[in-house]
Structure formats: structure tokens, C-alpha cells
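Chain order of the listed sequences is A and B. The numbering used here numbers the first residue of the first sequence as -7 and each following residue consecutively. The numbering used here numbers the first residue of the second sequence as -7 and each following residue consecutively.
Among these hints, one or two may not hold up.
Given that identical chains are not distinguished, each listed pair holds provided it fits within a single copy or across any two copies.
Claimed, not checked - Within a straight-line C-alpha distance of at most 25 angstroms, the following computed SDA-like cross-link-like pairs (lysine to any residue) qualify:
{"id": "1", "residue 1": "K103", "residue 2": "N188"}
{"id": "2", "residue 1": "K175", "residue 2": "E134"}
{"id": "3", "residue 1": "K197", "residue 2": "V173"}
{"id": "4", "residue 1": "K160", "residue 2": "E64"}
{"id": "5", "residue 1": "K7", "residue 2": "R40"}
{"id": "6", "residue 1": "K199", "residue 2": "C94"}
{"id": "7", "residue 1": "K162", "residue 2": "E134"}
{"id": "8", "residue 1": "K3", "residue 2": "N30"}
{"id": "9", "residue 1": "K17", "residue 2": "V170"}
{"id": "10", "residue 1": "K151", "residue 2": "F195"}
{"id": "11", "residue 1": "K3", "residue 2": "F34"}
{"id": "12", "residue 1": "K3", "residue 2": "K199"}
{"id": "13", "residue 1": "K17", "residue 2": "L43"}
{"id": "14", "residue 1": "K199", "residue 2": "G104"}
{"id": "15", "residue 1": "K3", "residue 2": "G33"}
{"id": "16", "residue 1": "K17", "residue 2": "V180"}
{"id": "17", "residue 1": "K160", "residue 2": "Y123"}
Treat the hints as calculated values from the structure; they're not laboratory data. No experiment lies behind these values; they were computed from the predicted model shown.
There are 2 protein chains.
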Amino acid sequence: MNENISMAVIKRLPKYHRYLRELLKNDVNRISSKELSNIIGFTASQIRQDLNNFGGFGQQGYGYDVSNLFDEINTILGLDETYDTVIIGAGNLGHALANYSCFNNFGYNLKGIFEISPRLIGMQISNVEVYDIDLMESFIEENDIDIAIICTNINSAQKITNRLEKTKVKAIWNFAPVDVVTKTDIEVQNVHLIDNLLTLTYFIKDK
Amino acid sequence: MNENISMAVIKRLPKYHRYLRELLKNDVNRISSKELSNIIGFTASQIRQDLNNFGGFGQQGYGYDVSNLFDEINTILGLDETYDTVIIGAGNLGHALANYSCFNNFGYNLKGIFEISPRLIGMQISNVEVYDIDLMESFIEENDIDIAIICTNINSAQKITNRLEKTKVKAIWNFAPVDVVTKTDIEVQNVHLIDNLLTLTYFIKDK
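Pulled out of the complex, with its shape left as it was, chain A reads as follows (with noise of 0.2 angstroms):
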């Protein structure tokens, strides 16, 4: 594997993963370039070169082993492991991200859930508990956690990122509107929401 994949290519893994396992799920076993620029919607160029990053699987005349090019991606995105999560802010967003199923089908374990209101500690949502704020330290250093989602208000994200960078988080995956930054190697994601609708708006301003 060719372990110098550029940040374009890692970031379009994900949508190729989504839909050849989806293709796996109908029992499509071989798929050629062509077929999957129809589904996909990058061109078949772009899709082999893409592709080639991973070693040849596509054969001429034949296409691609669908099962083979998921298991490499699958592996490429680390997907092959488990990954333990804690959720930090139990308010809507928590919730709902701590009821999103798709999570446990690709191997994040919720852990925990924190949060500083009183009125939430103590509960269960979606059969994890929701523990006291000031818990999260010792909890993600008991419980060896690698991800937390940070699903505060936009005050709060900054604060707790500077207490995760004094754990041993790998990653920080963060949906308060505001970015936040750390200063040591945790890798951040932070979520831009609203990116996505401005992209809606444009094409829609004239009709």
C-alpha cells in the first residue's frame, strides 16, 4: 500500500467506502470504472487514479473486486479496528449523535457521555450513561478512549479541548460552531455544518 496518499484522495475514501458497501450489501462482486462514475459521480479517470493508489485491482475487461477494493479502503481508513468515544455535552446534539446508529456499525463504541448540567447527569441515552463534567479526565484515562465529540455550546469547546489535550484522546471530533485548536498532535475535525447548505444555496439563488 502505497503509504504517501494525498489529503484529496484520503478525503474522497469515505464516499468510495459508502458506496461499495453498498454494492457488497446488493452482491455486485465486480464493478468496472465506468459503472462506478455512473453511481459515484467522479469521472472514470478520476476514479482510476484514484484507485491505483492501492495496487492494481482493476483488471482490463474484468473491473474491479468490489469486496477486495472495500476490505483495502476499509483497512486504509483504520476500519478494521475499534474505536472507543465519549461525547461531551449532552444537549440536543449529544443525543442525537449518541442515537445515531450508523456509529456502532463501522466499530465506534459510545462509552460515555458528559456533561455539566445537573439535570442530565445520571441519565441513560441510548444505554450509556451521561457522567458529571469534571469525570471526563479520569474516565478517558481508565477507559483508554480514543475520540471524543465535542457537541457543547460554542463557550465551552475551546475550554474542553484544552482539558483533552491533557489526556491521551488521539482525536478530537468537534461540532460546536467555532473551530478549535490545540497545540499538541490530536488530530481535530471540525465540523462545518452549515458548509454544506451555502453549496445548496448556490444553486438554487436564480431559480
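On the provided structure of chain A, position chain B as indicated by the hints.
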């Protein structure tokens, strides 16, 4: 303005929009492609190429006029207009989106929320009323709604889409974890929250 901007460029515009907005807030009036590259993470040459699509605002030795550039991108994205929206599904995610302050900042006006559960109908969320889902179509027509935001469960999303196809709604922003499809020219954005978690996993898999 060049009307033939590629899809790849359009997808990057919300990010330019977001960073330029921050610069304006901080009273930064001009910026070079190099400085913009440092904060936004695209290469300087990518930035020059992207922004060339909207005419030559960048000047040698001066850089870009932040305010002009922001206004131009704002207009291209259609954000000099306002859009009326409804949310379908008043569960946790519908709640979270209704409370999401960003929307109002960008000129999206939430006019109504629609729900099947009698327990939720009649509630107010962020001063917006939750109506019976049976009233959806007539409400959309009477209020000239532009965008419908689907926050239902996986089983209802396509059914709601089929109903929306018969209204004058211009765009669907779908958060249910299934791709909805339309046979009409309604613009659809299927949000895949999980995709960007998968990219995160790529970076931590070997840590």
C-alpha cells in the same frame, strides 16, 4: 462573473467565505494569497487559481481586498438573498438544528417544524412552532418555503422526499442516514456525518 465555475471550486467557496468573514470581523482589509494560504490550508497557487474565477481582485504587491472578495463570494453563494426553511422531524437532531444559531446569521429563516408525534406537535422550538406533518405541503405553498431540512428517521426520509417533490420547494438538505433521491430538479444535499469521522480514523489508526 464567470458562470462556469467548476463544482470543485464551488465546494471550496464556503471555506473561503468562512475565513474571509473572520478576517473582516478582525478588521483585516487586505491579504496576500500566501497569508490566506497559511490560515486556510490551500496552497497559494490554488487560491490564486480559485479566486481568478471571479475576476482579478488580487493585485501584485497589494494582495486581495478582503471586503470585496467576501462580498463577491457571498453573492456567488447566493447569500445576498434570504431563504425560508422548514425542518421535518422534531427529534433531537431537528431540535439541535432549530437551535443552531448559524442559520439566522446567514439569512436562513426557519418558518416551521413538522412532526408526526402528537407529543411534540404544538411545541415551540427557538420560537418556531411544531406543526402536524399533515400540514407540511399546504404550509410550504402558503409560505413560499425554499429549503426543506429532513431530520426524520431512516425509514421516513424517502417518503418525505416524495411528498416534497410535489411542492414548490427548491432544495432538500437531508440529515437522515440514507441518500434520498428525486426525479425532479429539486437540489438535494445528503449529509454524511460519518464521512468526516472516517477521515479522522485514518489519521489515528496507527497511533
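To see whether the hints hold, each was checked on the structure:
Taking the shortest alpha-carbon separations for K103 and N188, only the inter-copy value of 20 angstroms comes in at or below 25 angstroms, while the best intra-copy value is 30 angstroms. For the identical chains of this complex, K175 and E134 are intra-copy neighbours only, at 23 angstroms inside a copy versus 52 angstroms across copies, given an alpha-carbon limit of 25 angstroms. Only between protomers do K197 and V173 lie at most 25 angstroms apart by alpha-carbon distance; the minimum there is 21 angstroms, versus 34 angstroms within a single protomer. Taking identical chains as interchangeable, the C-alpha atoms of K160 and E64 are never at most 25 angstroms apart, the minima being 28 angstroms within one chain and 44 angstroms between chains.
For a Cα distance limit of 25 angstroms, the shortest separation of K7 from R40 inside one copy, 15 angstroms, qualifies, whereas the shortest one across copies, 28 angstroms, does not. In this assembly of identical chains, K199 and C94 lie within 25 angstroms of each other by CA distance solely across copies; the values are 24 angstroms between and 35 angstroms within a copy. Taking the shortest Cα distances, K162 and E134 sit within 25 angstroms of each other inside one copy (14 angstroms), while across copies they are farther apart (50 angstroms). For the homomeric pair K3 and N30, the shortest alpha-carbon distances inside one copy (19 angstroms) and between copies (20 angstroms) are both at most 25 angstroms.
For the homomeric pair K17 and V170, the shortest alpha-carbon distance between copies (14 angstroms) is at most 25 angstroms, but the shortest distance inside one copy (38 angstroms) is not. Taking the shortest Cα distances, K151 and F195 sit within 25 angstroms of each other only across copies (23 angstroms), while inside one copy they are farther apart (37 angstroms). Taking the shortest Cα distances, K3 and F34 sit within 25 angstroms of each other both inside one copy (13 angstroms) and across copies (14 angstroms). In the homo-oligomer, the alpha carbons of K3 and K199 lie at most 25 angstroms apart only across protomers (19 angstroms), although the nearest pairing inside one protomer, at 31 angstroms, exceeds that limit.
For the homomeric pair K17 and L43, the shortest alpha-carbon distance inside one copy (21 angstroms) is at most 25 angstroms, but the shortest distance between copies (42 angstroms) is not. Taking CA atoms no more than 25 angstroms apart as the test, K199 paired with G104 passes between copies only; the shortest distance there is 22 angstroms, against 46 angstroms inside one copy. For the homomeric pair K3 and G33, the shortest alpha-carbon distances inside one copy (15 angstroms) and between copies (14 angstroms) are both at most 25 angstroms. In this assembly of identical chains, K17 and V180 lie within 25 angstroms of each other by CA distance solely across copies; the values are 24 angstroms between and 32 angstroms within a copy.
With identical chains, the CA atoms of K160 and Y123 are at most 25 angstroms apart within one copy only, with a shortest distance of 19 angstroms there and 46 angstroms across copies.
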